[in-house]
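J.: Okay, here's what each chain looks like letter by letter:
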Amino acid sequence: DAGVTQSPTHLIKTRGQHVTLRCSPISGHKSVSWYQQVLGQGPQFIFQYYEKEERGRGNFPDRFSARQFPNYSSELNVNALLLGDSALYLCASSLRTGGTDTQYFGPGTRLTVL
Amino acid sequence: AQTVTQSQPEMSVQEAETVTLSCTYDTSENNYYLFWYKQPPSRQMILVIRQEAYKQQNATENRFSVNFQKAAKSFSLKISDSQLGDTAMYFCAFMNYNDYKLSFGAGTTVTVRA
Numbered sequence: 001d002a003g004v005t006q007s008p009t010h011l012i013k014t015r016g017q018h019v020t021l022r023c024s025p026i027s028g029h030k031s032v033s034w035y036q037q038v039l040g041q042g043p044q045f046i047f048q049y050y051e052k053e054e055r056g057r058g059n060f061p062d063r064f065s066a067r068q069f070p071n072y073s074s075e076l077n078v079n080a081l082l083l084g085d086s087a088l089y090l091c092a093s094s095l096r097t098g099g100t101d102t103q104y105f106g107p108g109t110r111l112t113v114l
Numbered sequence: 001a002q003t004v005t006q007s008q009p010e011m012s013v014q015e016a017e018t019v020t021l022s023c024t025y026d027t028s029e030n031n032y033y034l035f036w037y038k039q040p041p042s043r044q045m046i047l048v049i050r051q052e053a054y055k056q057q058n059a060t061e062n063r064f065s066v067n068f069q070k071a072a073k074s075f076s077l078k079i080s081d082s083q084l085g086d087t088a089m090y091f092c093a094f095m096n097y098n099d100y101k102l103s104f105g106a107g108t109t110v111t112v113r114a
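Residue numbers (our numbering), protein chains in the order written: chain A, 1 to 114; chain B, 1 to 114.
Please keep in mind that the hints were generated in silico from the structure rather than gathered at the bench.
All values derive from a computational prediction rather than experimental measurement.
Certain hints may be false.
Covered stretches of chain B, going by a simulated chain A footprint (3 or more residues, C-beta under 8 Å) [to be verified]: (1) 39-48; (2) 96-110.
From chain A, some residues computed to sit far from chain B (all C-beta separations above 10 Å) [what the hints assert, rightly or not]: (3) 7; (4) 29; (5) 65.
Coverage of chain A stretches by chain B, computed from C-beta distances (three or more under 8 Å per stretch; other residues unrestricted) [claimed, not checked]: (6) 10-20; (7) 41-50; (8) 54-62; (9) 84-98.
Idealized CB from N, CA, C, for every residue including glycine.
Isolated chain A, as found in the complex (with noise of 0.2 Å):
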């Protein structure tokens, strides 16, 4: 069975554009969680969407949005894009949300903004 998969691998965009990350979790999956890993920390959560509807959102400014299709998929999408949003952005599905299930990550999106 596929993984989690996520699209692109890499991207390079300038300060003030608006990206959109894509992420397909593994089938039978219907929470998807979202993650932002700086480089040489750990990652930070972002959001999760369960059932189509945002279960949490972390830490971040309004500038970050998301939003869960009815396949399950999922986009992360950021505007006005700062240096300091260059990290790996990581996606993560489960069957449910909670502890119980375990997150299975994916490869991950590098962002790089000049």
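Put chain B on the given structure of chain A with help from the hints.
T.: Relative to chain A, chain B alone:
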């Protein structure tokens, strides 16, 4: 908010030997989950082992085992018979029982020497 602390930025171990990674966490909750994730240089995050706080028995997965000390809020990972493929960044993570987001430590880079 929960905090996860990994006090060892880097560890080096000879192939076939044992290495122990430390992790402490801070929470006022009684029920929660703890995880160790591995992120190899190819960057895909992989679950190594998980522990439910209500279980007193330490979790074991092949060469990986944990020492869970609930009163001390400590959750260390032991890698036995280290292999070159164990070279990676290791993250300790925490999730409250009714929560949905993982809180990660800063990570420990493990290098296995031939």
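J.: Taking the hints in turn, state whether each one holds.
T.: A quick look at each hint next to the structure:
Counting residues of the segment 39-48 of chain B whose C-beta lies closer than 8 Å to any C-beta of chain A gives 6; at least three are required, and the coverage claim holds. Judged by the Cβ-Cβ criterion of 8 Å, the segment 96-110 of chain B is covered by chain A as claimed, because 12 of its residues qualify and three suffice. Once the 10 Å rule is applied to beta carbons, residue 7 (chain A) is consistent with being away from chain B; the minimum gap is 15 Å. The beta carbon of residue 29 (chain A) is kept farther than 10 Å from every beta carbon of chain B, the shortest such distance being approximately 14 Å.
The claim that residue 65 (chain A) is not at the interface with chain B holds, since no C-beta of that chain comes within 10 Å of its own (minimum 17 Å). Given as covered by chain B, the segment 10-20 of chain A fails the check, having 0 residues with a CB less than 8 Å from a CB of that chain where 3 are the minimum. Given as covered by chain B, the segment 41-50 of chain A passes the check, having 7 residues with a CB less than 8 Å from a CB of that chain where 3 are the minimum. Coverage of the segment 54-62 of chain A by chain B holds. Counting CB-CB distances below 8 Å, 3 residues qualify, and the rule asks for three or more.
Only residues whose beta carbon comes within less than 8 Å of a beta carbon in chain B count, and the segment 84-98 of chain A has 5; three or more means the coverage holds.
The structure fails to meet hint 6 from the earlier list, while all remaining hints are met.
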